[in-house]
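Undergrad: Per our numbering, the sequence shown starts with residue 1, numbered consecutively.
Hints listed in this document are in silico derivations from the structure and should not be mistaken for laboratory results.
Don't take each hint at face value.
Using 25 Å as the maximum straight-line C-alpha spacing, the simulated DMTMM-like pairs for lysine to aspartate or glutamate come out as follows [to be verified]:
#1 Lys45 / Glu56
#2 Lys103 / Glu20
#3 Lys98 / Glu122
#4 Lys18 / Asp111
#5 Lys2 / Asp26
#6 Lys93 / Glu56
#7 Lys45 / Glu73
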Amino acid sequence: MKLLSVENFTVGRKGYGKIEFKVPVDLSVFSSYSEIAGNKIVFSKQACNVYPNEDEKPPVGEGFNVPARVTLENCFPVLSKEIITDPTHPIVKPHITKLHLMKNTKFESYDPVSGVWSFSIEHV
Numbered sequence: 001m002k003l004l005s006v007e008n009f010t011v012g013r014k015g016y017g018k019i020e021f022k023v024p025v026d027l028s029v030f031s032s033y034s035e036i037a038g039n040k041i042v043f044s045k046q047a048c049n050v051y052p053n054e055d056e057k058p059p060v061g062e063g064f065n066v067p068a069r070v071t072l073e074n075c076f077p078v079l080s081k082e083i084i085t086d087p088t089h090p091i092v093k094p095h096i097t098k099l100h101l102m103k104n105t106k107f108e109s110y111d112p113v114s115g116v117w118s119f120s121i122e123h124v
């Protein structure tokens, strides 16, 4: 019965990021963690895709289609194929502005030295 309402559930992939669910989620429909990570929640370069198969996405408020905080790694600006890690470089400010404007996200933070970007979503 504990799996019906799991609080603070987090899924991550080393070198890519993590997603932390802000409300309890129902994990009772899954027989193993591998059904979730890499299947229902997929991390790729600078992205986290929840329910990659749109037909499997439940209504808002159910499953993983709930408020969450996403943290993505290696989200550096690139100039002429060169990754920019200098926080004083002129391209950093427009990059942060771009992150602020990402659709359906609420910007939380960005570290130009580590390339870690965090944002919240109301649902997936």
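Undergrad: Decide, hint by hint, whether the structure agrees.
TA: Structure-based check of all given hints:
1. Lys45 / Glu56: Answer holds: Lys45 to Glu56 is near 23 Å, not above 25 Å.
2. Lys103 / Glu20: Roughly 19 Å separates the two Cα atoms, so the pair holds.
3. Lys98 / Glu122: 19 Å, holds
4. Lys18 / Asp111: 16 Å, holds
5. Lys2 / Asp26: Roughly 9 Å separates the two Cα atoms, so the pair holds.
6. Lys93 / Glu56: Violated. Lys93 to Glu56 sits at ~38 Å, over the 25 Å cutoff.
7. Lys45 / Glu73: With Cα atoms ~8 Å apart, Lys45 and Glu73 stay inside 25 Å; holds.
Comparing the model with each earlier hint shows a violation of hint 6 alone; every other hint is respected.
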